[in-house]
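Asker: Residue strings, one per chain:
There are 2 protein chains.
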Amino acid sequence: MPLWLRLYRRPLLAGDLTAGVVVAMMMIPQGMAYALVAGLPPVAGIYASILPPVLYALFGSSMTQSVGPMAIVSLMTAAALAPLADPGSALYVTLAAQLALISGALLLLCGVLRLGFLAGFLSRPVISGFSNGAAIVIVVGQVPALLGARPPQWHAPSALLGLGSLLLLWLAKRYGGALLRRCGCGAAAAETGARMAPMLLVLGATALVAALDLAGAGVHTTGHVPSGLPSLGLVASAGHWRALLSPALLIAFIVFLMSMSAAQTLAHKRGEKLLTNRELLGLGAANLASAVSGGFPVTGSMSRSAVNFSAGANTPLASVVTAALLALALVAPTGWLALLPLPVLAATIVFAVAGMLDMATLRQAWRYDRSDALALLATTAGVLLLGVEAGVVIGVLLSMGALIWRASRPHIAVLGRIAGSEHFRNIERYAGETLPAILVLRVDAGLFFGNVDAVGARIDEEVRARPDTRALVLVLSAVNQIDTTALSGLQEWNRGLAARGVALHLAEVKGPVMDRLKHSTLLQELSGPVYLSTALACDDLARRAPPLHGRAQGGALP
Amino acid sequence: MPLWLRLYRRPLLAGDLTAGVVVAMMMIPQGMAYALVAGLPPVAGIYASILPPVLYALFGSSMTQSVGPMAIVSLMTAAALAPLADPGSALYVTLAAQLALISGALLLLCGVLRLGFLAGFLSRPVISGFSNGAAIVIVVGQVPALLGARPPQWHAPSALLGLGSLLLLWLAKRYGGALLRRCGCGAAAAETGARMAPMLLVLGATALVAALDLAGAGVHTTGHVPSGLPSLGLVASAGHWRALLSPALLIAFIVFLMSMSAAQTLAHKRGEKLLTNRELLGLGAANLASAVSGGFPVTGSMSRSAVNFSAGANTPLASVVTAALLALALVAPTGWLALLPLPVLAATIVFAVAGMLDMATLRQAWRYDRSDALALLATTAGVLLLGVEAGVVIGVLLSMGALIWRASRPHIAVLGRIAGSEHFRNIERYAGETLPAILVLRVDAGLFFGNVDAVGARIDEEVRARPDTRALVLVLSAVNQIDTTALSGLQEWNRGLAARGVALHLAEVKGPVMDRLKHSTLLQELSGPVYLSTALACDDLARRAPPLHGRAQGGALP
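Protein chains in written order, with the UniProt record's numbering: chain A, 1 to 558; chain B, 1 to 558.
FYI, nobody ran anything at the bench for these hints, they're computed from the structure.
Hints are supplied without guarantee of correctness; some may be wrong.
Since the list gives no way to pick out one identical chain from another, each pair is judged satisfied if it fits inside one copy or across any two copies.
Subject to a maximum C-alpha distance of 16 angstroms in a straight line, what follows is the list of computed EDC-like cross-link-like pairs (lysine to aspartate or glutamate) [unchecked claim]: (1) 273 to 358; (2) 273 to 453; (3) 173 to 191; (4) 173 to 422; (5) 269 to 460; (6) 173 to 539; (7) 273 to 461; (8) 518 to 433; (9) 269 to 492.
The structure displayed is predicted, hence computed values, not measured ones.
Between the sequences and the hints, there should be enough to build the whole structure, so can you do that?
Answerer: See the structure below:
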């Protein structure tokens with residue numbers, strides 16, 4: 001039993017019930033709309049909104065996350081399946097579930113292996129650039145449904161319904177809250193009430209289609225929506241496992257990333273703590289549940305979770321309430337849904353997704369760090385020009401490039417002794433005393449393959465700049481780890497420096513690092529002891545040093 | 001004109017001439033053998049050894065690197081072309097050159113964009129694991145040529161030639177040097193002389209085939225080797241640009257990696273300095289030259305460069321001499337080469353590549369850092385089970401995972417004041433005085449997307465552990481950069497801490513970081529000034545602080 005359920009107290013119930021109902025009202029049109037984005041029949045969106053949030057409630061760690069269909073993940077689903085099957089075909093539906101299955105299994109695997117730190121793969125500007133690109137692709141993709149025909153053509157009744165809906169949604173967002181407040185609603189209730197606009201719009205539009213027989217006039221509708229709960233079970237296409245693996249990997253990554261950024265924003269607001277690896281388990285379980293109940297890949301949605309949060313959700317019970325209401329909706333007669341006009345659903349998609357467009361991050365990055373802004377724009381351009389999957393890869397590559405670039409520039413300080421003390425500080429910042437024969441360098445980063453070349457180059461530079469150097473003391477007080485590549489580096493530096501008449505010494509090596517080094521041959525290769533402190537090293541070396549002019553000449557070539 | 005040529009002095013000539021001749025003798029059998037590994041006619045290997053080293057001599061930065069065909073890159077060429085054309089076909093030859101063209105263009109592009117730091121993408125154990133896997137694949141691939149038939153069958157005369165050659169090569173390596181020394185050679189000359197064994201073997205075996213008509217007995221030979229220099233010009237298949245792009249990217253990466261590790265080892269020995277981005281330009285130019293002269297992807301070879309080095313090469317002139325000799329060999333009658341027995345060439349490949357197997361790194365890593373050893377083995381397994389291209393990708397992913405993991409664990413210290421001073425030091429290592437209401441944290445790494453979550457979590461943890469905290473001073477003395485993601489993080493921490501009654505303050509912010517921050521809204525959002533020193537911050541906060549019990553209560557949920 002999850003912790004929140006064991007600790008559940010009566011006073012939390014009211015908030016959870018309200019939020020559950022509110023989110024259910026939001027979820028019905030949204031689920032159907034995002035199923036359409038994924039190229040699936042609308043009912044699949046409802047299926048994907050029942051079991052997944054319940055499983056997430058059992059295994060996830062966020063109190064207010066709402067798991068279900070989400071625009072960007074639906075777009076990626078469509079991109080993954082497009083080369084493999086025709087939208088609407090039975091194979092397509094099977095492959096969508098299979099994609100959720102593989103993504104879910106990958107997420108679970110990452111959770112078990114505690115790979116949550118991989119969320120650090122992408123910087124925030126890159127995530128923003130990716131979301132913006134995906135939002136534009138989705139909006140452009142909905143234009144034909146919105147107009148009832150592929151532009152430049154359009155079908156007048158459909159276009160009227162679609163564009164009219166957009167206008168109504170905009171009005172509801174702009175003035176709905178104020179109107180409700182004037183009618184006596186509290187501020188929070190008014191805000192929440194305004195969020196019901198898509199559901200009311202869908203109900204109204206469906207009634208309009210029925211009343212005016214707009215379907216007869218050529219307005220496309222969702223058509224027959226099967227009644228009843230989804231049948232449980234797994235249908236998979238044996239021939240497609242391999243083809244689905246790499247899109248599933250990208251989808252799992254984006255599922256995790258989108259869910260984490262939504263959950264984190266809300267957790268910050270209430271001082272809650274998210275457990276990254278638990279999130280992976282929760283999302284993995286949710287996707288497996290989606291796979292066995294006729295759904296497709298799901299994730300936490302920022303917009304829906306924010307509604308859940310502001311409608312008063314205290315625990316994941318709110319999501320369970322939502323799921324129960326959606327199940328009820330399927331058990332109730334669904335015949336009326338057949339007349340739901342697609343232009344109106346397209347309008348809800350366009351409106352919701354346009355709201356995801358984030359210009360603030362671009363503006364901030366442009367002013368603050370131009371390279372971050374360029375990474376953002378490059379990722380957006382990648383999504384628009386090369387597709388959503390290539391966009392993820394470009395984002396990862398840009399972020400990784402930045403990571404390596406940063407790792408390859410560790411902070412290294414030349415130290416000098418503060419007069420009359422045993423303290424050694426950076427001579428760029430303090431008036432420290434140095435000896436011509438003894439160079440003291442402090443490396444302020446763990447030594448590993450990503451910075452070992454840079455550190456070696458810096459050592460080389462500092463030694464060349466001080467031709468009188470006979471001893472180099474590396475102060476490792478800030479070095480928490482030395483990996484195998486860096487160990488080889490230390491051995492090479494030791495040999496290279498010795499050939500130039502400079503002895504390498506280590507000082508202030510941390511306990512765990514020292515334990516490791518004892519398993520290598522480095523300590524025997526060094527010409528002196530490992531010193532406990534920099535002061536001890538310098539005193540000892542100053543005592544031992546032969547006269548300056550006796551040193552071996554270096555072997556550097558022109 | 002390159003620097004080495006402008007500074008060229010007469011005394012360097014003898015060494016360069018000797019090394020040039022020695023390497024040419026090594027290059028003829030090796031070039032033909034590695035062309036066979038790539039699935040190409042042997043003469044392509046000679047073509048790829050003429051112009052590329054000359055271009056590298058003009059643009060590269062290593063003094064002793066020998067650029068030309070190399071086993072692993074040939075294997076990758078074969079893997080890239082296998083799905084696209086039949087080995088030996090005209091299309092195959094065209095695509096091999098096209099692959100060199102794209103790889104060369106990518107290398108040049110990386111050089112112009114100064115992306116040399118990307119070599120840090122792979123850790124040394126992962127490179128070793130990749131090389132080992134590739135070596136095993138190459139050896140296994142040569143077994144049919146060695147035996148003259150696909151095992152379990154074998155062709156007796158071929159197998160005798162092949163296995164006999166292996167034995168001779170082993171004897172030459174084991175005893176050749178000692179024998180030559182006993183005959184009066186100097187140590188260096190003897191070592192170099194022993195390296196001529198493959199060439200002598202090839203000459204002897206060819207003579208044997210001619211004398212005994214072994215070709216008539218069913219021993220496969222290289223067949224007609226066209227005489228004359230390669231014709232210059234570019235033939236490309238318009239339909240294959242896209243298919244070649246991703247293998248070319250992997251090949252360019254491995255070309256750079258293999259060349260750098262060879263050049264670096266030798267540069268270390270003589271205290272020379274390599275210019276990473278110049279290496280990219282040199283290798284890019286070499287591959288373009290290979291593409292327009294009937295070759296295939298080339299790189300610096302560790303084994304050949306080591307021979308060049310120990311045979312006395314002082315400058316890239318040695319490589320130019322080698323190239324000139326190979327060109328001469330092509331202009332001279334090449335009829336005799338037609339009888340060169342393939343089992344003997346296979347033996348030279350197996351012998352050379354088996355020598356590349358590196359168990360020392362595995363042994364060292366296993367003792368020193370088990371996770372590095374596992375990464376090495378996983379990369380080898382990836383190459384063996386999934387192929388050489390997947391092996392590169394696995395290696396990059398493993399290295400990147402390690403990089404992110406390390407980046408996500410920055411060193412953070414709680415500081416205390418050294419009694420009676422203005423120094424603040426890590427309280428885990430020094431007896432520092434702390435105040436209950438003021439928490440002082442020093443972050444020893446630049447703040448960026450890869451560690452911002454980890455730093456946030458650590459701040460949260462430290463503040464929770466000290467519920468009396470009213471002010472948090474972040475000491476940024478070691479923070480060289482704050483990227484856009486980290487800026488957002490600081491803003492979120494500031495808001496989150498304020499909601500819990502804790503004021504966030506910054507101290508010792510570096511000049512360039514401060515300049516950036518002035519372009520953001522962070523400084524206005526903070527509740528106090530940015531302090532020049534930690535001591536000033538603590539003195540000021542201790543003075544300003546309201547009584548402890550007056551602080552606002554935190555809003556943390558259960």
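Asker: Run every hint past the structure and note whether it holds.
Answerer: We went through each hint and held it up to the structure:
| no. | hint | result |
| --- | --- | --- |
| 1 | 273 to 358 | neither (26 angstroms within a copy, 47 angstroms between copies) |
| 2 | 273 to 453 | between (38 angstroms within a copy, 12 angstroms between copies) |
| 3 | 173 to 191 | within (9 angstroms within a copy, 83 angstroms between copies) |
| 4 | 173 to 422 | neither (66 angstroms within a copy, 56 angstroms between copies) |
| 5 | 269 to 460 | between (49 angstroms within a copy, 13 angstroms between copies) |
| 6 | 173 to 539 | neither (73 angstroms within a copy, 50 angstroms between copies) |
| 7 | 273 to 461 | between (46 angstroms within a copy, 10 angstroms between copies) |
| 8 | 518 to 433 | neither (33 angstroms within a copy, 34 angstroms between copies) |
| 9 | 269 to 492 | between (51 angstroms within a copy, 9 angstroms between copies) |
When held up to the earlier numbered hints, the structure conflicts with 1, 4, 6 and 8 and fits the remainder.
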